[in-house]
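Asker: These protein sequence lines are chains A and B, in that order.
Using the numbering used here, you'd call the opening residue of the first sequence number 1 and step up by one each time.
Using the numbering used here, you'd call the opening residue of the second sequence number 336 and step up by one each time.
Careful: at least some of the hints might be erroneous.
Here are the simulated SDA-like pairs of lysine to any residue, each with C-alpha atoms no more than 25 Å apart in a straight line [unchecked claim]: (1) B:Lys599 with A:Ala80; (2) B:Lys599 with B:Gly578; (3) A:Lys136 with B:Gly344; (4) B:Lys599 with A:Tyr15; (5) A:Lys18 with B:Trp355; (6) A:Lys154 with B:Ala484; (7) A:Lys18 with B:Glu428; (8) B:Lys453 with A:Asp114; (9) A:Lys136 with B:Thr341; (10) B:Lys599 with A:Asp114; (11) A:Lys136 with B:Arg345; (12) A:Lys154 with B:Leu476; (13) B:Lys453 with A:Leu115; (14) B:Lys599 with B:Val573; (15) A:Lys154 with B:Asp358; (16) B:Lys599 with A:Ala96; (17) A:Lys154 with B:Ala451; (18) B:Lys599 with B:His440; (19) A:Lys154 with B:Arg434; (20) A:Lys154 with B:Glu430; (21) A:Lys18 with B:Arg427; (22) B:Lys453 with A:Ala112; (23) B:Lys599 with A:Arg35; (24) B:Lys599 with A:Gln110; (25) A:Lys136 with B:Arg337; (26) B:Lys599 with A:Phe97; (27) A:Lys18 with B:Ser516; (28) B:Lys599 with B:Thr515.
Note that these hints are calculated values from the structure, not bench results.
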Amino acid sequence: MNAPAISAEELSKAYQVKVRDPGLGGAVRALLRPRYREVRAVQDVTFRMERGEIVAFLGPNGAGKTTTLKMLTGLLYPTAGRAQVAGFTPWGGGPAFKRRIALVLGNRQQLAWDLPAEETFRLNRAIYDIAEGDYKARLTELVDLLDLGTVVDKPVRQLSLGERMKCELAAALLHRPDILFLDEPTLGLDVTAQEAIRRFLRAYRDRYGATILLTSHYMQDVTALASRVLIINRGRLLYDGGLDALIARIAHTKRLELVLSSHVTRDQLAGFGTVLELDFPNAVLEVPREHAAATSARLLAAITVADLSITDPPIEEIIQRAFALGGAEPVERTA
Amino acid sequence: MRAWLTRWGRRYGALMRNAWLVDLQYRAAIVLWVLWGVVEPAVALGIWWAIARAGPVGGYDRTDFARYFFALTLVNQLTLAWDSWYLDRWIREGELNFRLARPLHPAHEAVADNLAYKARTGAILLVVWLLVALVWPTVRLPVAPARWALTALAVVIAAAMRFFISFTTGLLAFWTTRATSIMELHAGLSLFLAGRIAPLALLPPAVASAAGYFWFPYMLAFPVDVLTGAAHGTATIVHGFVGQLVWLGLWIGMWWVAWRRGIKRYGAVGG
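Kindly generate the complete structure, drawing on both the sequences and the hints.
Answerer: Spelled out as structure tokens, the structure:
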């Protein structure tokens, strides 16, 4: 059996945070007798990823996603637990490990602000010992895939957010890493730029078999890229598995989206399920998942509809419900 | 060996190139930095020049003072290190993150940045010194290749010492938010104990003697004295170099310990 690209076993990280009471008295007391509180940012997180997988790491702000990413890239030393990334223990991996990975953090950029992105690319060429021929070929490929032709020679400070993120990705991938850690890679980008990044990541994975672990607040990133999601809240892993399985587990309802051919009242529709929306000709009903098919048949027999589709609740809603589990339940694994 | 040298030569070349490219974006800042480096010794020289009007002070006449402060200006710029301010920001604001993710210790970027700054500023100050020496013979130094070679060695060791002092102090940001304040305290002490406002020979004997127990004289006053010829005789020169090497070794040791322990405490703030 092949070793996994990434494995984490009971990975934990706790911080000591200084606490003080408000006001001058609190400040003086904190000076004379400092008090500390332990904050458990990540608790006993266990999962593994196979080569070529794209996994989305989801959780509300402060859930422990980025801390886990930073431990897996060797930036942070864990308080407890073990991890292996590309066969290395990340926090002792050294240069050989760092050549295998790429880390892109949403708001901490490696591009030199005052220089064209091309200068950072050249610097990375030297740092990663990339041969001139390989460098040129890879740069041409990245410029092409990310559509950076007119961008790389402009000072970074003059680029749009989307252009900067694309350049960040190019800088992080010049050494052709096989494991990518991406923290909010589409944060703040417009829809077109988000889609370009997603297309690129899919193409990069398909071409080089790369393993990608990404955090994102955009559900489109998750649905378009990830075959699997990890849901974390308050430092604990709540769910590890496919999106479909998560929907089946969390979403106990289905939605019937109707395009009506004639007017009906809200009361008439209420006989079939909970009316979420009625704005002629459109209507949305929520019905128990197991009754969706039968209710649809009854609806079609009773009311004239031009179109009817059965959908799951929006993924955002499902993820929110999963967050709300809040660590009360043990991790659910469906993978 | 050759491949190793080529690899590191290319890395340092790229890091220094980027440092110079950034400098070129801030040309006015370069002029201000050079002026900042010149003003303090120029003011000190002005004061001692006036005091020495009536005759030598502590064995220093006007010519000695002029040579001392010209040498001090050059040596100070060639050994200056401001890495504690960078480290403090990298650690507190999470800018260390991407540097830790690269297969290159962040100290190399700091060393290359120092080399780039020193090459540029040192060249400017040397030209200025030569131009001044053309019209003001007082600041001409004798052609003495052996002395210049010893000066070069003392300057290299002093620069390494000041780099490790600054870097190590910056690493205190792993533990405290006041790392730069500690460095400012160090700069304040070095005004007196390293010979920045007066040659150490003019300090009260107790202070000069106390300074000798610390690294301060070895990071600035000693290379200046080698350049001006105030430090002469084998015993004095050997004592100076031994002091430099001992303190350099100790600071490298402290840097190593601070890095190894600090990195385990790193909070990697920021996305």
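Asker: Hint by hint, say whether it matches the structure.
Answerer: The hints, checked one at a time:
Using a Cα cut-off of 25 Å, the hinted pair Lys599 (chain B) and Ala80 (chain A) holds, with the two alpha carbons roughly 13 Å apart. Using a Cα cut-off of 25 Å, the hinted pair Lys599 (chain B) and Gly578 (chain B) is violated, with the two alpha carbons roughly 32 Å apart. Between Lys136 (chain A) and Gly344 (chain B) the CA atoms are separated by roughly 20 Å; this keeps the pair inside 25 Å, and the hint holds. For the proposed pair Lys599 (chain B) and Tyr15 (chain A), the alpha carbon gap of about 11 Å is at most 25 Å, so the pair holds.
In summary, the hint linking Lys18 (chain A) to Trp355 (chain B) is not supported, as the alpha carbons are separated by about 41 Å, beyond the 25 Å threshold. For a cut-off of 25 Å, the pair hint linking Lys154 (chain A) to Ala484 (chain B) is broken: about 44 Å separates their Cα positions. Straight-line distance between C-alpha atoms of Lys18 (chain A) and Glu428 (chain B) comes to about 18 Å, which keeps the hinted pair within the 25 Å bound. Proposed proximity of Lys453 (chain B) and Asp114 (chain A) is supported: the alpha carbons are some 21 Å apart, at most 25 Å.
Restraint check for Lys136 (chain A) and Thr341 (chain B): the C-alpha separation of about 19 Å stays at or below 25 Å, so the hint holds. This hinted pair does not check out: Lys599 (chain B) and Asp114 (chain A) have alpha carbons roughly 32 Å apart, beyond 25 Å. A C-alpha spacing of about 17 Å is found between Lys136 (chain A) and Arg345 (chain B), which places the hinted pair at or below 25 Å, so the restraint holds. Restraint check: the Cα-Cα separation between Lys154 (chain A) and Leu476 (chain B) comes to about 47 Å, which exceeds 25 Å; the hinted pair is violated.
Between Lys453 (chain B) and Leu115 (chain A) the CA atoms are separated by roughly 21 Å; this keeps the pair inside 25 Å, and the hint holds. For the suggested pair Lys599 (chain B) and Val573 (chain B), the alpha carbons sit about 40 Å apart, so the restraint of at most 25 Å is broken. For a cut-off of 25 Å, the pair hint linking Lys154 (chain A) to Asp358 (chain B) stands: about 17 Å separates their Cα positions. With a C-alpha separation of about 20 Å, the suggested pair Lys599 (chain B) and Ala96 (chain A) falls inside the 25 Å cut-off, and the hint holds.
Taking the CA atoms of Lys154 (chain A) and Ala451 (chain B), the gap is near 24 Å; set against the 25 Å cutoff, the hint holds. The straight-line distance between the Cα atoms of Lys599 (chain B) and His440 (chain B) is roughly 15 Å, inside the 25 Å bound, and the hint therefore holds. At most 25 Å may separate the alpha-carbon atoms for a hinted pair to count; Lys154 (chain A) and Arg434 (chain B) meet this at roughly 23 Å. For the hint linking Lys154 (chain A) to Glu430 (chain B), the alpha-carbon distance of about 23 Å falls within 25 Å, and the restraint holds.
Taking the CA atoms of Lys18 (chain A) and Arg427 (chain B), the gap is near 16 Å; set against the 25 Å cutoff, the hint holds. Note on Lys453 (chain B) and Ala112 (chain A): the hinted pairing holds, with a Cα-Cα distance of about 21 Å set against a maximum of 25 Å. For the given pair, Lys599 (chain B) sits about 21 Å from Arg35 (chain A) by alpha-carbon distance, which is consistent with the 25 Å threshold. For a cut-off of 25 Å, the pair hint linking Lys599 (chain B) to Gln110 (chain A) stands: about 22 Å separates their Cα positions.
For the suggested pair Lys136 (chain A) and Arg337 (chain B), the alpha carbons sit about 24 Å apart, so the restraint of at most 25 Å is met. As the CA atoms of Lys599 (chain B) and Phe97 (chain A) are separated by approximately 18 Å, the hinted pair is consistent with the 25 Å bound. Proposed proximity of Lys18 (chain A) and Ser516 (chain B) is supported: the alpha carbons are some 21 Å apart, at most 25 Å. Annotation: proposed proximity of Lys599 (chain B) to Thr515 (chain B) holds, straight-line Cα distance about 21 Å (limit 25 Å).
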